[in-house]
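Undergrad: The residues making up each chain are set out below.
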Amino acid sequence: MEGGAIPYLPRGVRLHHDRVREAWVLLAPERAIMLDAVGHAILSEIDGERSFSEITEALAVTYNAPAEDIAKDSAGFLGALRERRFLEVRS
Amino acid sequence: MTVRPPIAMLAELTHRCPLSCPYCSNPVELTRVDRELDTDTWKSVLRQAADLGVLQLHLSGGEPASRRDLEELVSAARDAGLYTNLITSGIGLSERRLKALDDAGLDHIQLSLQGTNPEMADEIGGYAGGFKRKMMVADWIGAIGFPLTLNAVLHRRNLHQLPRAIEMAVEMGARRIEVATVQFHGWALKNRDTLMPTRAQAREADTIVAEARARLKGTLVIDYVPADYHSDYPKRCMGGWGTTGLNIAPDGKVLPCHAAETIPHLSFDNVRDRPLRDIWDHGAAFDAYRGTDWMQEPCRSCDRAKVDFGGCRCQAMAIVGDAAATDPVCIKSPHHGALEARAAAHSEAEADLIYRSPPLRSVEPAE
Ligand code: SF4
Ligand code: SF4
Numbered sequence: 001m002e003g004g005a006i007p008y009l010p011r012g013v014r015l016h017h018d019r020v021r022e023a024w025v026l027l028a029p030e031r032a033i034m035l036d037a038v039g040h041a042i043l044s045e046i047d048g049e050r051s052f053s054e055i056t057e058a059l060a061v062t063y064n065a066p067a068e069d070i071a072k073d074s075a076g077f078l079g080a081l082r083e084r085r086f087l088e089v090r091s
Numbered sequence: 001m002t003v004r005p006p007i008a009m010l011a012e013l014t015h016r017c018p019l020s021c022p023y024c025s026n027p028v029e030l031t032r033v034d035r036e037l038d039t040d041t042w043k044s045v046l047r048q049a050a051d052l053g054v055l056q057l058h059l060s061g062g063e064p065a066s067r068r069d070l071e072e073l074v075s076a077a078r079d080a081g082l083y084t085n086l087i088t089s090g091i092g093l094s095e096r097r098l099k100a101l102d103d104a105g106l107d108h109i110q111l112s113l114q115g116t117n118p119e120m121a122d123e124i125g126g127y128a129g130g131f132k133r134k135m136m137v138a139d140w141i142g143a144i145g146f147p148l149t150l151n152a153v154l155h156r157r158n159l160h161q162l163p164r165a166i167e168m169a170v171e172m173g174a175r176r177i178e179v180a181t182v183q184f185h186g187w188a189l190k191n192r193d194t195l196m197p198t199r200a201q202a203r204e205a206d207t208i209v210a211e212a213r214a215r216l217k218g219t220l221v222i223d224y225v226p227a228d229y230h231s232d233y234p235k236r237c238m239g240g241w242g243t244t245g246l247n248i249a250p251d252g253k254v255l256p257c258h259a260a261e262t263i264p265h266l267s268f269d270n271v272r273d274r275p276l277r278d279i280w281d282h283g284a285a286f287d288a289y290r291g292t293d294w295m296q297e298p299c300r301s302c303d304r305a306k307v308d309f310g311g312c313r314c315q316a317m318a319i320v321g322d323a324a325a326t327d328p329v330c331i332k333s334p335h336h337g338a339l340e341a342r343a344a345a346h347s348e349a350e351a352d353l354i355y356r357s358p359p360l361r362s363v364e365p366a367e
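Chains as they are written, first to last, in UniProt numbering: chain A, 1 to 91; chain B, 1 to 367.
Hint data in this document are derived by calculation from the structure and do not stem from the laboratory. We put the beta carbon where it would ideally sit given N, CA and C, even for glycine. Take the hints with a grain of salt, since some may be wrong.
Cross-link-like lysine to aspartate or glutamate pairs, in silico, EDC-like; alpha carbons within 20 Å at most [stated by the list, open to error]:
| # | chain 1 | residue 1 | chain 2 | residue 2 |
| --- | --- | --- | --- | --- |
| 1 | B | K217 | A | D36 |
| 2 | B | K99 | B | D79 |
| 3 | B | K332 | B | D293 |
| 4 | A | K72 | A | E30 |
| 5 | B | K217 | A | E45 |
| 6 | B | K217 | A | E30 |
| 7 | B | K217 | A | E83 |
| 8 | B | K235 | A | E30 |
| 9 | A | K72 | A | E45 |
| 10 | B | K235 | B | D308 |
Here are a few chain A residues that sit away from chain B, every Cβ distance over 10 Å (derived from the structure) [said to hold, decoys possible]:
| # | residue |
| --- | --- |
| 11 | P10 |
| 12 | G12 |
| 13 | V25 |
| 14 | L27 |
| 15 | P29 |
| 16 | A32 |
| 17 | V38 |
| 18 | S44 |
| 19 | D47 |
| 20 | Y63 |
| 21 | D69 |
| 22 | F77 |
Calculated from the model, a selection of chain B residues having no Cβ within reach of chain A, i.e. all distances over 10 Å [to be verified]:
| # | residue |
| --- | --- |
| 23 | L55 |
| 24 | D107 |
| 25 | Q110 |
| 26 | R203 |
| 27 | G218 |
| 28 | P264 |
| 29 | A344 |
| 30 | I354 |
Please model the entire structure based on the sequences and the hints provided.
TA: Structure below.
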């Protein structure tokens, strides 16, 4: 994903707190994806306004980790969501 | 055994439908209109489902738009925290109702496709003008911006239309298409001589899907249900009996899968009599084939036992006469050869379509 790209969750895809399993899930057509702490952290930063690099830099500060590592992990995760059309991007 | 909570629930709000597709998955014995659950009972079921752990709600039928309280039920489902998906033929939805469903918080729509032109679609659906109306509904869905999945049901008569169905999904702006070869349950069992695809058709569909998946990556997601009788291994039905999902019939009966009533020795609890959680955790029909203890050979010692859970219980019942047998689709089943021969014979036979009949409106006078 390009650093300047702005990711957003399209209509019909949303974060949901599952009170029964005590976990965060991403709800999408025909899918409920259980999120781990990292997945939840990335998706919570996505607001449809900030770019991919702004998001990964913010996460780098919060988690005190190198921004490149975070960008690499997030790109893989978000890329898979994008392929299923659970995530869209505007430039 | 500790029972995991279900993720998905299919609510069959009604068996009424303006269409009469010859492969309808509703039981041959349709629920009478006066036996349908009322609005308040459905609302309670939706809350109980969310409390139990259900995340995804599929509102289905019959045609769910035949229920006047659909909008109210969608809004109750959203209030309960459920992701709400409407499975519809589109018939019965107006622009005004779609806007009301939007206001109620509906998350997603699955629109069924009986054919890619009026000649095919209206013949298969048994409803003149249905295709034209459906295309109007698709436009309204697009204008409102609902996320859309197109559900194309394929069989011998319309498999040649698959490339066009995929094109239509892209044109409609659908994010996803479900390409489902007819599964032989319910009314479809009566129509195997008309609907069974040939082996060549089934293989051609595999190729078309693989090509379209590569070409449309990132634009259109294609979920594919291949022709069952022409496969080597069975499907993992319902994600495993009593592990992932449940169905509520229009009269409140709770079923482990939509065809479960074809297994004559099972008895089903009703949400009118027993809390949903109790039915899921302890109901006899759910216990019957949950896990792997009930299995016979060759499933019992098979390394795929937890991959496909022995396939479909209803298909084992319908074809082998024993619901605990290996699904005859499996190459390890002693009945697999006979099934292949039957599939070939069905795919060469000629017969007229037998349409689904409508549910009874009220009690018929005794004869
Ligand atoms: S399969 Fe056809 S007849 Fe059956 S509920 Fe769906 S649209 Fe109606
Ligand atoms: S023998 Fe049973 S468990 Fe093994 S693949 Fe066949 S159906 Fe599945």
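Undergrad: The structure should be examined with respect to each hint, and the outcome stated for every one.
TA: These are the hints, each one checked on the structure:
Of the supplied pair hints, the one linking K217 of chain B and D36 of chain A is violated, its CA atoms being roughly 26 Å apart against a limit of 20 Å. Of the supplied pair hints, the one linking K99 of chain B and D79 of chain B holds, its CA atoms being roughly 18 Å apart against a limit of 20 Å. Between K332 of chain B and D293 of chain B the alpha-carbon distance is near 19 Å, which keeps this suggested pair within the 20 Å criterion. A C-alpha spacing of about 28 Å is found between K72 of chain A and E30 of chain A, which places the hinted pair above 20 Å, so the restraint is violated.
Between K217 of chain B and E45 of chain A the alpha-carbon distance is near 26 Å, which puts this suggested pair outside the 20 Å criterion. Annotation: proposed proximity of K217 of chain B to E30 of chain A holds, straight-line Cα distance about 18 Å (limit 20 Å). For the given pair, K217 of chain B sits about 7 Å from E83 of chain A by alpha-carbon distance, which is consistent with the 20 Å threshold. In summary, the hint linking K235 of chain B to E30 of chain A is supported, as the alpha carbons are separated by about 17 Å, within the 20 Å threshold.
Simply put, K72 of chain A and E45 of chain A have alpha-carbon atoms about 16 Å apart, close enough for the 20 Å limit, and the pair holds. Of the supplied pair hints, the one linking K235 of chain B and D308 of chain B holds, its CA atoms being roughly 6 Å apart against a limit of 20 Å. Non-interface status of P10 of chain A relative to chain B is broken: a Cβ of that chain comes within 10 Å, the nearest being about 7 Å off. Not every CB of chain B is more than 10 Å from the CB of G12 of chain A (nearest about 3 Å), against its label as outside the interface.
For V25 of chain A, the condition that its CB be more than 10 Å from all CB atoms of chain B is violated, with the nearest at approximately 6 Å. With a cut of 10 Å on Cβ distances, L27 of chain A falls inside the contact zone with chain B, its closest approach being about 4 Å. Separation of P29 of chain A from chain B is inadequate, the least Cβ-Cβ distance of about 5 Å not exceeding the 10 Å criterion. The Cβ of A32 of chain A sits about 4 Å from the closest Cβ of chain B, inside the 10 Å cut-off, so the non-interface label is violated.
Every beta carbon of chain B lies more than 10 Å from that of V38 of chain A, the smallest distance being close to 21 Å; the non-interface claim holds. For S44 of chain A, the non-interface assignment is confirmed: its Cβ lies about 18 Å from the closest Cβ of chain B, beyond the 10 Å cut-off. Distance check for D47 of chain A against chain B: the nearest CB is about 19 Å away, which clears 10 Å, and the non-interface claim stands. For Y63 of chain A, the non-interface assignment is confirmed: its Cβ lies about 28 Å from the closest Cβ of chain B, beyond the 10 Å cut-off.
A cut-off of 10 Å between C-beta atoms confirms that D69 of chain A is not in contact with chain B; the least separation is 25 Å. With a least CB separation of 16 Å from chain B, F77 of chain A remains clear of the 10 Å interface cut-off, as annotated. Separation of L55 of chain B from chain A is inadequate, the least Cβ-Cβ distance of about 4 Å not exceeding the 10 Å criterion. Some Cβ of chain A comes within 10 Å of the Cβ of D107 of chain B; the nearest lies about 5 Å off, and the non-interface call is violated.
The Cβ of Q110 of chain B sits about 8 Å from the closest Cβ of chain A, inside the 10 Å cut-off, so the non-interface label is violated. No Cβ of chain A comes within 10 Å of the Cβ of R203 of chain B; the nearest lies about 26 Å off, and the non-interface call holds. A beta-carbon of chain A is positioned within 10 Å of the beta-carbon of G218 of chain B; the least distance is around 6 Å. Every C-beta of chain A lies more than 10 Å from that of P264 of chain B, the closest at about 31 Å, which supports listing it as non-interface.
Non-interface call for A344 of chain B relative to chain A: holds, since the shortest CB-CB distance, roughly 33 Å, exceeds 10 Å. No beta-carbon of chain A comes within 10 Å of the beta-carbon of I354 of chain B; the shortest separation is about 30 Å.
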